[in-house]
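*Asks:* Produce the complete structure using the sequences and hints provided.
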Amino acid sequence: MEKTTSIMIVGVGGQGSLLASKLLGNLLTDEGYDVKVSEVHGMSQRGGSVVTYVRYGEKVYSPIVTEGECDYIISFEKLEAARYASCLRKGGRIIVNTQQIDPMPVITGSAEYPENVLEELKNQGFQIDDFDALAPAMEAGSAKAVNIVLMGHFAAHTSIPKEKWMAALEKTVPAKFLEMNKKAFCLGYGE
Amino acid sequence: MKKLLIGNEAVAWGLYNGGLSVISSYPGTPSTEITEFLAKHDDIHTEWAPNEKVACETAFGASLAGVRSACAMKHVGLNVAADPLFTLSYTGVTGGMVICVADDPAMHSSQNEQDSRHYAIAAKVPMLEPADSAEAYEFAKSAFELSEQYDTPVILRMCTRIAHSQCVVDIGEREGTPRKEYVKQPAKYIMMPGYAKVRHPLVEQRTENLRAMAENCAYNRIEDRGSEIGIITSGCSYLYVKEVFGDSVSILKIGMPNPLPEKKIREFAAKVKKLYIIEELDPVIENHVRSLGIACTGKTLFSAIGEFSQQTIREAFRKEGVDFGESPEKQGEAPKVPGRPPMMCAGCPHRGMFYTLAKNHITVLGDIGCYTLGAVAPLNALDSTLCMGASVSGIHGFNLGMNGEAEKKTVAVIGDSTFMHSGMTGLVNIAYNATNSTVIILDNSITGMTGHQQNPTTGYNIKGDPAAKVDLEALCKALGIRRVRVVDPYNLKECEAAVKEELAAEEPSVIISRRPCVLLKYVKAKTPLKVDAEKCRACKRCMGLGCPAISMKNGKARIDTTLCVGCGVCEQLCPFGAIGEV
Ligand SMILES: Cc1ncc(C[n+]2csc(CCOP(=O)(O)OP(=O)(O)O)c2C)c(N)n1
Ligand code: SF4
Ligand code: SF4
Chain A
1 MEKTTSIMIV GVGGQGSLLA SKLLGNLLTD EGYDVKVSEV HGMSQRGGSV
51 VTYVRYGEKV YSPIVTEGEC DYIISFEKLE AARYASCLRK GGRIIVNTQQ
101 IDPMPVITGS AEYPENVLEE LKNQGFQIDD FDALAPAMEA GSAKAVNIVL
151 MGHFAAHTSI PKEKWMAALE KTVPAKFLEM NKKAFCLGYG E
Chain B
1 MKKLLIGNEA VAWGLYNGGL SVISSYPGTP STEITEFLAK HDDIHTEWAP
51 NEKVACETAF GASLAGVRSA CAMKHVGLNV AADPLFTLSY TGVTGGMVIC
101 VADDPAMHSS QNEQDSRHYA IAAKVPMLEP ADSAEAYEFA KSAFELSEQY
151 DTPVILRMCT RIAHSQCVVD IGEREGTPRK EYVKQPAKYI MMPGYAKVRH
201 PLVEQRTENL RAMAENCAYN RIEDRGSEIG IITSGCSYLY VKEVFGDSVS
251 ILKIGMPNPL PEKKIREFAA KVKKLYIIEE LDPVIENHVR SLGIACTGKT
301 LFSAIGEFSQ QTIREAFRKE GVDFGESPEK QGEAPKVPGR PPMMCAGCPH
351 RGMFYTLAKN HITVLGDIGC YTLGAVAPLN ALDSTLCMGA SVSGIHGFNL
401 GMNGEAEKKT VAVIGDSTFM HSGMTGLVNI AYNATNSTVI ILDNSITGMT
451 GHQQNPTTGY NIKGDPAAKV DLEALCKALG IRRVRVVDPY NLKECEAAVK
501 EELAAEEPSV IISRRPCVLL KYVKAKTPLK VDAEKCRACK RCMGLGCPAI
551 SMKNGKARID TTLCVGCGVC EQLCPFGAIG EV
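Taken in order, these protein sequences are the chains called A and B.
Residue 1 is where the first sequence starts when you use my numbering, and the numbers rise one by one after that.
Residue 1 is where the second sequence starts when you use my numbering, and the numbers rise one by one after that.
Each hint should be verified, as a subset may be incorrect.
[As the list claims (entries may be wrong)] Simulated crosslink set (BS3-like; lysine-lysine; CA at most 30 Å straight-line): (1) B/Lys526 - A/Lys176; (2) B/Lys553 - A/Lys144; (3) A/Lys176 - A/Lys59.
By construction, these hints were calculated from the structure, which means they are not laboratory data.
*Replies:* Here is the structure:
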């Protein structure tokens, strides 16, 4: 049986991870995979740490991803990439937006933001693809498009052709925001 | 039609296609989306009730009228609806009735980790428990037939993982179920002792009939793989077991946790050498298996606390020396990083009032909603949070217990939705039994925490259409409170004056702190504010608000313009005029 692929989309509540997982879910279902997605609703959406799991393959049972199982961590924020790093399997990859959002313990001064956290992970042997997704999102028209810029960036790592991603995007995003999101996706994809 | 659905949307489709006519619910994570998805259909009635008891009794009334009905709530909601539930078990139904209840193991968004299966057992009603969206659809749909066939309400138990996980569901067509003719049936529906005494034996008999059904129904199924170990499991635990063992162990999957079968369990247990029970939260199946005199391993290996995962299963069986193939190999350890707890949004209208209360060292009996987040640093504004409504009832008792000494420095805070849910009755008690209590209604014109649902104070119904709007000022007065005033929480001076005056007053009072939630579509953000680094002297006064948009960078305060909504509260705190529009 073909191995199940596991993806985690992590970030800060309110950053739009639900749309990102919806896009992935639609795409992978159209590709004919068995897909499970686990979302976060409720309290964490108020600025807490949020994690969404997407798993696909021939037959997927569990909707969640645990230690050492994750093929790709897609992170909206630096600290969050580090938080879930132990979920990455050997040889997995982290794709991370270099944005820094201070959590409340940092704001109140009871904790410090580990500025070089990505370098530390790289030194430990983690494969990390870090880039600024905020600037392209702004270029596309809104800071909110960070989610789609990241998905575009991730898409370039997969074997699924870009047209299919675009088709899934059309299915997922409301018409009003489609143009902006298409632009954000392409900027993330690297075009 | 095949679609990727979260469990709650699957339940909605199951209920809809099963012939639902009326659903009345109160929001609560992780159950809320069931009713939100149903509200998209115009050929059924959907509504947000003020609380779960009202919702459940509305569903009862609709069933009495002969149509298929439902209500949905989170686990603690069933505490509120428990009163109708226990007697509904006696009356039974006319139109099929389904009570959807969603547990929250690991407390992602809840104040406790209670296990709803105890209610099904205690109230003697059947309960169904799906393991994924596809089953959620099937179980919700078939629950109506079960309900009508056995003349009982049926509880559909969800949990966070299933409610909010997606898988592909094959959605069929809606079955139109005509309304049954209304016939007056006093002996069935008037539960006074004479009639209830006749109904109780029928309830006991029904449980026996259901148990017989449980032996052969499609809800409970055996996957016989001829293995030495056997696992009895249910809900999402089943998925984790399958993830680890695939088709290599024998499984009895329970889809109906009440009433549980006996013969089927004996038959399954007899075939295996060692029996494990894997269920999240309490040992409900385990206790039943033990009561049959069958040895098994359950809670000694699998905790009664929190959620499971495939990792839980692997770790447990590794301890047991059971082989399950390869374990995943991780790249490395995660570094220790600061936590990121949830917090009130930048510009949240609750913040100004909490700042005022914290500044004046007021004891605050809290309640449940976004404003529970006033408990976290730097505001640290709350003293207690128990359950919905307990702030208002609690302050009355607190003031009695403190013998009047605390009245001048204690308040209760409660949201608009929570006040409608169960705060009103507590306020009646304050007026009627006379404590000099001060209650602050944090009116942000929405049910915020659960994802922005309308409620009776907002002037709109579940579909967003205009609806009767509760006049909070008039209501509080009608309940017997003479001192009622409204303040704008964005105005710190006004907040402080109101709090001081009402605490000083020699009678109970209500302060309505009114300003809509900043996440509402009609609330337009203002220009973000900036800190003039020249003027900022790093006194950190503004940091005391705990607004996520403000942080210290290079020894000066800085405002993140992507987060700031220009509420202007921090500007009022800066003694050096460093915060402003340019
Ligand atoms: C009995 C019960 N039902 C439902 C919930 C879920 N719940 C938590 S907070 C909340 C409502 C909060 O609304 P409101 O009081 O208006 O405060 P806001 O979040 O808008 O600040 C609900 C429904 C609960 N905790 N307990
Ligand atoms: S959702 Fe609204 S009420 Fe809740 S924290 Fe955010 S601004 Fe405040
Ligand atoms: S004006 Fe000040 S308090 Fe209000 S959102 Fe902006 S930074 Fe936060």
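*Asks:* All hints are to be evaluated individually against the structure, with a verdict given for each.
*Replies:* Checked hints:
no. : hint                : verdict
1   : B/Lys526 - A/Lys176 : holds, 23 Å
2   : B/Lys553 - A/Lys144 : holds, 24 Å
3   : A/Lys176 - A/Lys59  : violated, 35 Å
Consistency note: the structure conflicts with earlier hint 3 alone.
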